[in-house]
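Sequences listed follow chains A and B, in order.
If you use the numbering used here, the first sequence corresponds to residues 1 to 283, in order.
If you use the numbering used here, the second sequence corresponds to residues 1 to 283, in order.
Please note: incorrect hints may appear among the correct ones.
Unchecked claim - Just so you have them, the derived chain A footprint on chain B, three or more residues with Cβ under 8 angstroms:
#1 63-70
#2 124-138
#3 235-249
Stated by the list, open to error - Which residues of chain A face chain B? A partial, calculated answer using Cβ under 7 angstroms:
#4 Glu2
#5 Glu5
#6 Val63
#7 Asp66
#8 Ala71
#9 Ala78
#10 Thr161
#11 Asp218
To be verified - Distance windows between CB atoms, simulated:
#12 B:Asp242 - A:Val157: 31 to 37 angstroms
#13 B:Arg186 - A:Glu114: 31 to 37 angstroms
#14 B:Asp242 - A:Ser184: 57 to 63 angstroms
#15 B:Pro256 - A:Glu114: 44 to 50 angstroms
#16 A:Gln215 - B:Asp121: 48 to 54 angstroms
#17 A:Pro31 - B:Pro214: 35 to 41 angstroms
#18 A:Arg7 - B:Pro214: 46 to 52 angstroms
#19 A:Pro209 - B:Arg278: 36 to 42 angstroms
#20 A:Gly131 - B:Ala274: 25 to 31 angstroms
#21 B:Pro256 - A:Thr51: 55 to 61 angstroms
Simulated from the structure, these hints should not be mistaken for lab results.
Keep in mind it's a predicted model, so treat the numbers as computed, not measured.
Note that the Cβ used here is the ideal one computed from N, Cα and C, for glycine as well.
2 protein chains.
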Amino acid sequence: METRELRYFLAVAEELHIGRAAQRLGMAQPPLSRAIQRLERRLGVTLLERTGRGVQLTDAGAVLRDEGRAALDAVHAAERRTRRAAPAPVTSRPAVVLVTKAGASSELLAKLLEAYAAEPDSAEVEVLLCGIGEQESMLRDGQADVALLHRPFDSGVGFDTEDLRSEGQMLLLPAGHPLSSCESLRTADVDAIADPPPARWPTAVGHYPEGPGPQVRDLTQLLQLVALGRAWTMLPESVRADLRSDVVGVPVVDAPTVTTMIAWPPQSRSRALAALVRVATAL
Amino acid sequence: METRELRYFLAVAEELHIGRAAQRLGMAQPPLSRAIQRLERRLGVTLLERTGRGVQLTDAGAVLRDEGRAALDAVHAAERRTRRAAPAPVTSRPAVVLVTKAGASSELLAKLLEAYAAEPDSAEVEVLLCGIGEQESMLRDGQADVALLHRPFDSGVGFDTEDLRSEGQMLLLPAGHPLSSCESLRTADVDAIADPPPARWPTAVGHYPEGPGPQVRDLTQLLQLVALGRAWTMLPESVRADLRSDVVGVPVVDAPTVTTMIAWPPQSRSRALAALVRVATAL
DNA sequence: AGGCGTCATACCTCTGCGGTATCGGGAGGG
DNA sequence: CCCTCCCGATACCGCAGAGGTATGACGCCT
Chain A
1 METRELRYFL
11 AVAEELHIGR
21 AAQRLGMAQP
31 PLSRAIQRLE
41 RRLGVTLLER
51 TGRGVQLTDA
61 GAVLRDEGRA
71 ALDAVHAAER
81 RTRRAAPAPV
91 TSRPAVVLVT
101 KAGASSELLA
111 KLLEAYAAEP
121 DSAEVEVLLC
131 GIGEQESMLR
141 DGQADVALLH
151 RPFDSGVGFD
161 TEDLRSEGQM
171 LLLPAGHPLS
181 SCESLRTADV
191 DAIADPPPAR
201 WPTAVGHYPE
211 GPGPQVRDLT
221 QLLQLVALGR
231 AWTMLPESVR
241 ADLRSDVVGV
251 PVVDAPTVTT
261 MIAWPPQSRS
271 RALAALVRVA
281 TAL
Chain B
1 METRELRYFL
11 AVAEELHIGR
21 AAQRLGMAQP
31 PLSRAIQRLE
41 RRLGVTLLER
51 TGRGVQLTDA
61 GAVLRDEGRA
71 ALDAVHAAER
81 RTRRAAPAPV
91 TSRPAVVLVT
101 KAGASSELLA
111 KLLEAYAAEP
121 DSAEVEVLLC
131 GIGEQESMLR
141 DGQADVALLH
151 RPFDSGVGFD
161 TEDLRSEGQM
171 LLLPAGHPLS
181 SCESLRTADV
191 DAIADPPPAR
201 WPTAVGHYPE
211 GPGPQVRDLT
221 QLLQLVALGR
231 AWTMLPESVR
241 ADLRSDVVGV
251 PVVDAPTVTT
261 MIAWPPQSRS
271 RALAALVRVA
281 TAL
């Protein structure tokens, strides 16, 4: 199975429509139809059910969508990391790319970078800030070499991880909300909030959970919506440092603990990465 | 990057000789030379240093060897698991392939299979027995869906795992060896053994550690060598059930505990696999 | 019944992959 | 010091296969 075939199939599996998938791939529809047929013939497996309106995945097709996505990410990762390993033209090149949610763990991140830079043979670290829930896919497809994740929001499944620190959560409300004057709250109080709805953010697979409340994909959006009185949310206590004056945080004493962890792909062997992890765990 | 290019490069990276790699790939040498050059040009990275005698890997080449191996395994896994997900011609088809070291955890394995078969909607489980240290690669490249691993011999890194049980280790000696009459031993006693040397088995990356002592790759070889007085070894206590009469086991009270765990690729979502894991943890 | 939307088929072109023959350069032996 | 061997690179050729256009087949909705 060639990566081209995999790319084609994944486009079809996502669009569930051969014509649109072809458009997305920048090619005509007939060659794509044939490519999928060839793939099915070679695998000896029917991947699609052709209906009058687009196509549906068979069970085998769903397996190939999931496994194939992981495989294609692995190929992209190999490609990106190989390119990055090329000897650079003298000037500093990032030896490690670290990704984390924009706005999360900013104090921890600053300490980590500072401590690592103080190491005798430290390399350049490029910091990539992404939206909520995007770190794991960036790690998988090689856009990054190491990530800061936050359990239970991110799973860390499929990577090597080390826990760095744990913290409680606090409820973020617009200034002036009835609960904003409390010293602390319990989850029962939070569940009882009627008026602004909770904000929703994407899960690891990229979908938004069902429910009322606005969809957000980064901290800025989130804080602005809270400030506008359109949403509430719960976040780790360390965001306190980044709060705007029109947003109030109240500790929720019995909310699940959030653990910040450092994660990297298991086959990674680079010296720079190992040193970064060692510094992180020693913080 | 196409999987063909990756396959070609990996052959060269392993042989460090383009002619031999071409032979192994069943093709002529010139097209392989060109394919590697094309790959280097497309990546914009030098992968090989051409010397008079064969080739050497550059740093970037070594990265591509490691990352590419993982990526190619992932593609093979996608292919195999998709084939296996095909609707079968009526008769029972294995829905799950389980791999474990031949001879290890045989009692646990029997209980697991029995308990799973008793489940209401259990599927066919094919059991694959492999040599020492081969389970993880079979899981990675899709020859198996789930494995029984033994920490600390196997790492389980890169997979989801659940611990099943822990046990101590015992020293295996030929009947008649001076230590064979002891009730129990300590690791210091084991380290002091002069005469037969310890057997060596492959590590996760497929190489044998340095040292004296015969190399083995399965339990039968191992027990036969012990019986012949050519080697000693330490194994989990559950092998006691499989010992031949000419091999004696003596518990080593302070040896590291061995944990049997069940492991599966993180993106697996099959119902049958989930049920198998649930049964295993409930044992 | 007719039109539309969607995937499959027919047929053509051309890229690019693999094969054979040969060149070039470095290492080792006489 | 030169000759020879070994190994990778280059030149050139033929063909499989990937993609494009035009068109067919089929189900669905009006």
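Hints and how they fare:
1. Judged by the Cβ-Cβ criterion of 8 angstroms, the stretch 63-70 of chain B is covered by chain A as claimed, because 7 of its residues qualify and three suffice.
2. Only residues whose beta carbon comes within less than 8 angstroms of a beta carbon in chain A count, and the stretch 124-138 of chain B has 0; fewer than three means the coverage is violated.
3. For the stretch 235-249 of chain B, the stated coverage by chain A is not satisfied: 0 residues place a CB nearer than 8 angstroms to a CB of that chain, which falls below the threshold of 3.
4. The interface hint given for A:Glu2 is met, as the beta carbon of that residue sits about 5 angstroms from the closest beta carbon of chain B, less than 7 angstroms.
5. Against a cut-off of 7 angstroms between C-beta atoms, the interface hint on A:Glu5 is violated, since the closest Cβ of chain B lies about 9 angstroms away.
6. Interface restraint check for A:Val63: the shortest CB-CB distance to chain B comes to about 4 angstroms, inside 7 angstroms, so the restraint holds.
7. With its C-beta approaching chain B no nearer than about 5 angstroms, A:Asp66 sits inside the 7 angstroms limit, and its interface hint holds.
8. Interface hint at A:Ala71: satisfied, since its Cβ lies 4 angstroms from the closest Cβ of chain B, which is below the 7 angstroms cut-off.
9. Taking 7 angstroms as the C-beta contact cut-off toward chain B, the hint placing A:Ala78 at the interface holds, the least distance being around 4 angstroms.
10. Hint status for A:Thr161 relative to chain B: violated, with the closest Cβ pair at about 10 angstroms, above 7 angstroms.
11. Below 7 angstroms, beta-carbon pairs count as interface contacts, and A:Asp218 has none with chain B, the closest being about 26 angstroms; its hint is therefore violated.
12. As the Cβ distance of B:Asp242 to A:Val157 is approximately 34 angstroms, the hint placing it in 31 to 37 angstroms holds.
13. The supplied range of 31 to 37 angstroms is broken by B:Arg186 and A:Glu114, whose beta-carbon atoms lie about 46 angstroms from each other.
14. The hint said 57 to 63 angstroms for the Cβ distance between B:Asp242 and A:Ser184, and at roughly 59 angstroms that hint holds.
15. Roughly 38 angstroms separates the CB atoms of B:Pro256 and A:Glu114, a value that falls outside the hinted 44 to 50 angstroms.
16. For the pair A:Gln215 and B:Asp121, the supplied restraint of 48 to 54 angstroms is violated, since their beta-carbon distance comes to about 37 angstroms.
17. At about 57 angstroms, the CB distance of A:Pro31 to B:Pro214 disagrees with the hint of 35 to 41 angstroms.
18. At about 48 angstroms, the CB distance of A:Arg7 to B:Pro214 agrees with the hint of 46 to 52 angstroms.
19. Taking the beta carbon of each, A:Pro209 and B:Arg278 are about 25 angstroms apart, not inside 36 to 42 angstroms as hinted.
20. A C-beta distance of roughly 30 angstroms is found between A:Gly131 and B:Ala274, which places it inside the suggested range of 25 to 31 angstroms.
21. At about 57 angstroms, the beta-carbon gap between B:Pro256 and A:Thr51 stays in the expected band of 55 to 61 angstroms.
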